[in-house]
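J.: Whole structure, please, built from the sequences with the hints as guidance.
Protein chains in written order, with my numbering: chain A, 1 to 368; chain B, 1001 to 1368.
Bear in mind the hints are in silico, worked out from the structure with no lab data behind them. A few of these clues could be false.
Stated by the list, open to error - Pairwise CB distance ranges, derived in the manner of DEER restraints:
hint, chain 1, residue 1, chain 2, residue 2, range
1, A, T327, B, A1023, 29 to 39 Å
2, A, E63, B, T1312, 22 to 32 Å
3, B, S1338, A, N344, 27 to 37 Å
4, A, R290, B, D1231, 48 to 58 Å
Note that the Cβ used here is the ideal one computed from N, Cα and C, for glycine as well.
2 protein chains.
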Amino acid sequence: MKSLNVELGERSYPIYIGADLLANPGLLRRHIPGNSAVVVTNTTVGPLYRHTLNTALDGLKTETVILPDGEQYKNMAVLNQIFDALVEGRFDRNTTLIALGGGVIGDITGFAAACYQRGVHFIQVPTTLLAQVDSSVGGKTGVNHPGAKNMIGAFYQPRCVLADTSTLSTLPDRELSAGLAEVIKYGLLWDREFLDWIDAHLNALLNRDNAALTEAILRSCAIKAEIVRQDEREGGLRALLNLGHTFGHAIEAGLGYGQWLHGEAVGAGMCMAADLSHRLGWLSQSDRDRVIDLIARARLPIGLPPTLDGRTLRQRMSADKKVINGTLRLVLMRELGSAVLVDNVPEELINETIQFYTEVHPRHEQQP
Amino acid sequence: MKSLNVELGERSYPIYIGADLLANPGLLRRHIPGNSAVVVTNTTVGPLYRHTLNTALDGLKTETVILPDGEQYKNMAVLNQIFDALVEGRFDRNTTLIALGGGVIGDITGFAAACYQRGVHFIQVPTTLLAQVDSSVGGKTGVNHPGAKNMIGAFYQPRCVLADTSTLSTLPDRELSAGLAEVIKYGLLWDREFLDWIDAHLNALLNRDNAALTEAILRSCAIKAEIVRQDEREGGLRALLNLGHTFGHAIEAGLGYGQWLHGEAVGAGMCMAADLSHRLGWLSQSDRDRVIDLIARARLPIGLPPTLDGRTLRQRMSADKKVINGTLRLVLMRELGSAVLVDNVPEELINETIQFYTEVHPRHEQQP
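T.: As structure tokens, this is what we get:
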């Protein structure tokens, strides 16, 4: 088992990474202060792991809330199902909510924990690669609004994160690739050396080699933890983590949530960010093509879905949360391994990039 | 105009108290950092003051969200109406939400501000005495769950509070009295001298004397600000502010929200807390009777509603948020002006108090 700490003063917490962590009851129990816990999971992950988890909770008052599986259920109505269970079960403000699942479960459970009785304890047990490297770390929680993704939420830190790499054995290939999109993102935005490491170990990662996955998760979490430590509430630096996300969110929203996985949209979004960075003169053409190639090798889409036209995409981008006082703010790359926040990118360059991916790019037919 | 500061480090903020503050645009504008603001109000208060407020917002992108009036609308569905307006109007994360109304508007608007894009700016313009002395100060925000009051919410501090005493001129008598319940609460729980002042100035307060009201609001806010400064997130001391509230919330929930005003239920609840404190040997009978008399003179109910039986009330008390690990925690008085948190009050004494107020108390027929 490896571990690292997210340093946030009194809100600091450890991330544990390794095989068979769920089967170790002591690890979990030491982070549950009260005498009750509620596991929130979904219909896919619940049947696989909730019994192992419940064994670790033996002796506590517990309940399991099983939600439908999918991004389209990350909404206020499903959030209310969690509140209903908590109120009906009379769980008090010293209870602990445990998110067992991927990013959707982590986000909605964390937001429920932030709001129930104005805040109860919260533990993340991410079971997808994407959640282990990204959404379970840093305290962003929330649900989608029909009009835009992640519009309603809170910054709320867990008491610990348990990234059990054994749970990745049951992850569908498509979701493994979606997780790799976020791993690649850390290399692109922060650490060229890590990017080279990913390049060299991509096959091992795709083959679910445990040592490679543990290393990728550890390095990804370390980068995210460092960024979050410096900027917990997204005043500036943290926004770099949104590399590929303004394009990605627009793709997800344009298609309707649940069509593409978040990581798939981010994969295509990073290709677009690389292309726009190239058009601004920051990335060479070969750097741009290297990004596209790496994302393609990770079995991620590198172009826009054929059903989404460029105008709709551009409109969706303007509805993104990162729009400040009407200005679109994008995360782009000055060079590989170094992202920057950019306001006022010339509209014609944005449109060229969108056009490149909707019409010109030879591989845009490669869809998930 | 008087003012005081709520000292919470980087979340500190001023409270302004006085007549005609809404008509002073500079006061409001200096606390709006972006170029947009959304006023949330209700069908009662909106028509009276929103035009004055909108004049102060001249030049900003603004919208007004008008909600139905009443505690029964402090719920997730109405909260969603605010989110819908924000998303549809494309208000960004630098926008400011302004709560123009009583406690319900302040609580729901503050919670919307806490959650929209994981937190936007927030200003309180309380227009009821209750909101001016209590709910607008201290950062508690939220909505009710059908099963229990204020179950879903956040601690979220405003950028400033504007308590315009001119708005109290349109307040119904019943709501003035409900506000006085919370004013009396501060005297009972913290400051015997203030209690004596209230006793001496009760008629002036009931007659809406501006100087008396300003003084009562200032002293109430000062006590609340001091308690919140010491314990922002209700680790201990802050719970004292719930004097009368465990009984009161149980009355409100038992009757159904919207029947009694919150302050009325707290009035009756403080009578019950005084009686239970007497049964524990802490308050003399004459102290208890003085509390009941003061609350009666403030034109508040001093007994339980005839339609609410004792057993239902007792059950509702156990559903209260202040139940920790199954133990009912009550706020009672060691003496007048000094409240304490008490666990494990003997069940028979609680029942005696409930019985006293349901069956024996000669004035229990006095209802709002």
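J.: Holds or violated: the 22 to 32 Å window for the beta-carbon distance between A/E63 and B/T1312?
T.: Given about 25 Å between the Cβ atoms, the range holds.
J.: Starting from the range 29 to 39 Å, see whether the pair A/T327 and B/A1023 falls in it by beta-carbon distance.
T.: For B/A1023 against A/T327, whose Cβ atoms are near 33 Å apart, the range 29 to 39 Å holds.
J.: Between B/S1338 and A/N344, does the beta-carbon spacing fit 27 to 37 Å?
T.: For A/N344 against B/S1338, whose Cβ atoms are near 60 Å apart, the range 27 to 37 Å is violated.
J.: Could you see if the CB distance from A/R290 to B/D1231 stays within 48 to 58 Å?
T.: Roughly 54 Å apart at Cβ, these two residues keep to the hinted range, so it holds.
Checked against the numbered hints listed earlier, the structure breaks hint 3 alone; every other hint is satisfied.
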